[in-house]
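J.: Going line by line, the protein sequences match chains A and B. Residue numbering for the first sequence follows our numbering, beginning at 1 and increasing consecutively. Residue numbering for the second sequence follows our numbering, beginning at 1 and increasing consecutively.
Worth double-checking, as some hints may not be accurate.
[As the list claims (entries may be wrong)] Per the computed footprint, the stretches of chain B lying under chain A, defined by three or more beta-carbons under 8 Å from a beta-carbon of chain A, are:
no., segment
1, 27-35
2, 63-75
3, 90-101
[What the hints assert, rightly or not] In silico EDC-like pairs for lysine to aspartate or glutamate, Cα to Cα no more than 20 Å straight-line:
no., chain 1, residue 1, chain 2, residue 2
4, B, Lys34, A, Asp103
5, A, Lys101, A, Glu14
6, B, Lys35, A, Asp103
[Claimed, not checked] Here are the computed distance ranges between Cβ atoms for each label pair:
no., chain 1, residue 1, chain 2, residue 2, range
7, A, Asp11, B, Leu106, 41 to 51 Å
8, A, Arg188, B, Met68, 25 to 35 Å
9, B, Asn6, A, Val240, 50 to 60 Å
For the record, the hints were derived by calculation from the structure and aren't laboratory data. In this text the structure is predicted, and so the values were computed from the model without any measurement. Glycine included, C-beta positions come from ideal geometry on N, C-alpha and C.
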Amino acid sequence: MTSKINEANTDIKEDFFRGLHNGIPICLGYVSVGFTFGMMCTENGLSFLVAVLISLTNLTSAGQFAGTALIISGGSLLEIGITTFVINLRYMLMSLSISQKVDMALSIPKRMLMSFGITDEIFGVSMQTKGNISFAYFMGLMILPILGWSGGTLIGATAVSLLPDMVRSALGIAIYGMFLAVIIPPARTERAVAWVIAIAAAISCILYYVPFFSGISSGWMIIICAVAASSIAAVLWPVVDDEEANA
Amino acid sequence: MEQMYNYGYVLTAVAVMALVTYIPRMIPLTFMRKKITSRFVRSFLYYMPYAVLTAMTLPAILYSTSGMASAVAGLIVAVILAYRNRSLLTVALGAVAAVFVVERVLAFLPM
Numbered sequence: 001m002t003s004k005i006n007e008a009n010t011d012i013k014e015d016f017f018r019g020l021h022n023g024i025p026i027c028l029g030y031v032s033v034g035f036t037f038g039m040m041c042t043e044n045g046l047s048f049l050v051a052v053l054i055s056l057t058n059l060t061s062a063g064q065f066a067g068t069a070l071i072i073s074g075g076s077l078l079e080i081g082i083t084t085f086v087i088n089l090r091y092m093l094m095s096l097s098i099s100q101k102v103d104m105a106l107s108i109p110k111r112m113l114m115s116f117g118i119t120d121e122i123f124g125v126s127m128q129t130k131g132n133i134s135f136a137y138f139m140g141l142m143i144l145p146i147l148g149w150s151g152g153t154l155i156g157a158t159a160v161s162l163l164p165d166m167v168r169s170a171l172g173i174a175i176y177g178m179f180l181a182v183i184i185p186p187a188r189t190e191r192a193v194a195w196v197i198a199i200a201a202a203i204s205c206i207l208y209y210v211p212f213f214s215g216i217s218s219g220w221m222i223i224i225c226a227v228a229a230s231s232i233a234a235v236l237w238p239v240v241d242d243e244e245a246n247a
Numbered sequence: 001m002e003q004m005y006n007y008g009y010v011l012t013a014v015a016v017m018a019l020v021t022y023i024p025r026m027i028p029l030t031f032m033r034k035k036i037t038s039r040f041v042r043s044f045l046y047y048m049p050y051a052v053l054t055a056m057t058l059p060a061i062l063y064s065t066s067g068m069a070s071a072v073a074g075l076i077v078a079v080i081l082a083y084r085n086r087s088l089l090t091v092a093l094g095a096v097a098a099v100f101v102v103e104r105v106l107a108f109l110p111m
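With the hints as constraints, model all of the structure from the sequences given.
T.: In structure tokens form, the structure reads like this:
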């Protein structure tokens, strides 16, 4: 049934609801992390309104955690700007990747609206769409994660005792379970994808566990893994183009 | 104890953060309006999502719960369900359930 949905085009409503559905697991993970962010803000005396404003306008984890930590310690605007920017540089790669999977005629305002929703998770899930990523699908996909992220922040910042620790701990893994559901099935059928996963996992663990690399931020770790593993695979297993025909 | 903030500074900093987060997301998608023809770049972009998601999952998943035992249980359940081509939601909730059960069981064990 799902493969038929992927093939069907032009049905805006169907695309939108498929996006909404795919957004549920992202939303669950975001509630949990957003909750932690909200708690961090109020524990440091920031108003819950500021916490929610940050989550609504930034919609990113590592970048806003780092930026907010700098606000709390009274960092300069330049320092805050550069740190957040560097952590978020990886979004350029993702945005470029999505630009190759949308209808080339898609209008600039629609592209600008979609851009707001490019997070690691939304990107990862949207890229498993067969064929083009439609505007309706992407909007559907964005909505629940945005609500989950801001809502989780609001709950964490206001009613700290509302969500018991044991539920929060368990929800923390939701997002990673979803990632595994995205990367493992294609790895079964495509040897190159399996290698990309193996190479990226190895580099990621080396960067994480070898003390020499401990100064590298999570944003840079992702960039290094992405560039290294994808470059190796692109050289060894170049993809055969089949999209020109139906472009 | 309560820290006092200059909210002019805080709001300006939030605006700066929002801007430098949006710009890298917006520029390539908005202005790259033709197909890239380089086979290397196309292949690179094809593999990149898998590399990004792997880098985000490992080893972070091991530290995503209150203890590594429950995280490993969640990881194993997620890998098995994903290998069987279950939906994203099923895999995510399966991992959550495994973590929840293991943490409840561990809570009863004499340590």
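J.: Quick check: which numbered hints come out false for this structure?
T.: Failing hints: none at all.
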